[in-house]
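K.L.:
All chains, full assembly: derive it from the sequences and hints.
Chains as they are written, first to last, in the UniProt record's numbering: chain F, 1 to 261; chain H, 1 to 261.
One or more hints might be untrue.
Unchecked claim - Here are the simulated EDC-like pairs of lysine to aspartate or glutamate, each with C-alpha atoms no more than 20 Å apart in a straight line:
(1) H:K205 x H:E194
(2) H:K205 x F:E17
(3) F:K205 x H:E158
(4) F:K78 x H:E257
As the list claims (entries may be wrong) - Beta-carbon label-pair distances, calculated as ranges:
(5) F:E211 x H:R189: 28 to 36 Å
(6) H:P32 x F:G122: 47 to 55 Å
(7) H:A14 x F:E201: 17 to 25 Å
(8) F:E118 x H:G240: 51 to 59 Å
(9) H:A14 x F:K28: 21 to 29 Å
(10) F:R38 x H:D24: 50 to 58 Å
Hints listed in this document are in silico derivations from the structure and should not be mistaken for laboratory results. Where is the CB? At the ideal position from N, CA and C, for every residue including glycine.
There are 2 protein chains.
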Amino acid sequence: MTEKNGSGGGDLPASLEAAWGLRDRPAKGPKPGLSLERIVAAAVAVAAADGLGAVSMGRVAQELGASTMSLYRYVSAKDELYVLMQEAAIGPPAPLSALETGAGWRAALTEWAAAQRERYHGHLWALRIPIGGPPATPNSIAWWEQGLQALRDSGLGEGDKTSVILLISNFVRSEALMTSDLSAAVIARGITPEELAASHERTLKRLVDPERHPGITQQLETGVMSAPDEADYEFGFGMGVLLDGVEALIRRAADGEVKSA
Amino acid sequence: MTEKNGSGGGDLPASLEAAWGLRDRPAKGPKPGLSLERIVAAAVAVAAADGLGAVSMGRVAQELGASTMSLYRYVSAKDELYVLMQEAAIGPPAPLSALETGAGWRAALTEWAAAQRERYHGHLWALRIPIGGPPATPNSIAWWEQGLQALRDSGLGEGDKTSVILLISNFVRSEALMTSDLSAAVIARGITPEELAASHERTLKRLVDPERHPGITQQLETGVMSAPDEADYEFGFGMGVLLDGVEALIRRAADGEVKSA
DNA sequence: TCCTTTTGCGTATGCCATACGCGTTACTGC
DNA sequence: GCAGTAACGCGTATGGCATACGCAAAAGGA
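P.N.:
This is how it looks when you write it as structure tokens:
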């Protein structure tokens, strides 16, 4: 039962081992010509330039001037590379200023969500990477921890804290994914976002039946579809609703505490 | 400028044309041996049995006793098949009982979201299909319309109605996607959900540093991780928070109306 | 110095979507 | 009834993909 890593215990998934930097450098063979860091950086560059779909083992190797198969000396499968790319794209969270100034949970959560959103928007391709079960990479954990800190003084129970974090995290992801889908459609059809919106509105007007779809018909008449800065607006709207809901939850928790105290 | 469809106007994307049944049966050649419906049904069956990854043109053709290439007489590309599969999986919405009994927007939205969730949970593979821009398929539109109807008497403005619908739709998708990821992980590792949760908790305990991650450490100590029926609980929790937020929005809208009246 | 281990990588396998073209079929206009 | 035409089924070919396997070269440990 010889341990591979210094930390002891059972065997981690290969991708986690790599993400936490627990790989042991073997003392025997020739010097590695590449490194995990360089490979991940190259893959990230490809994804940023040409989308996640352009990330193939061959393409990444080419970018590094190496052969396709040499990558497999550093990465056990493409899925592992995906995990490391995602981890690199999101990066560690910056300190929350709202936590230092004691501005309260609402400001802290807002700042936290906005920071997360910014990372996603800077790396929209990362949203296309399929998640495999619950996250356990260093940066996801750091973001989770920071979310918990934002709720430090909220008075919520531990379970509720995680649930709120999860809820907001998923909301941020959803909004970014919508943005990503939109931009993908725009690129695929080679048009501007405005043209896409107009085209969509025209399509709807053709397909929607006023009898069967009175609500949508009304929406089309009101001209709601042609909203500018849609993504930013929807994000702010959603955060507002979400935080109001959390506020109600916190108030209820406080009332219950007072009652039971 | 001869029109292909009866409805007139410019050319729709092929997948939309198919979804709305606007394909014109050509009067010339031999009788088709297959049909879009049969192809989509076969593809859905494959996805249900072996996951979306198992859906290849070859596999679907095999299931139908036809050759791979014959499918391309009915479907212009695999993406189109995906759209039709998604549309078939979600299906049209059933009438909302809360709308008939006049139970109010909150009950209606709750029923609407639960129905949507049920469809997704019955076809988890459908969540893996990448969305291409804003939806315009018959069933997505029908669900959208129904959501608008649920908010009929809410007093919200048209723009807010759509935003709320979008917010809740995305939440339902997120929760279902988490479930799907979880079940994928469970299947991939050949273990029970309980074993997966336990394994994840063990992994976290090994990787989390009490100094750098005090919040998570506390969570682990409280034993929050080993929650049963996690998915159901999180869904109810999220819906509660969301609806409380919407309630605040509606109240504010009503107040504003009273003031400005 | 020899042996073990690890490196880079060429080759091969098997899957995939799909372009192209051919022979066949069935309807339409004459 | 017959020619023309258009849609059918599908065999074949192309190019891309992840990745298993094995070999030769490199480099540290004995």
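K.L.:
Could you work out which earlier hints the structure fails to respect and list their numbers in ascending sequence?
P.N.:
4, 5, 8 and 9
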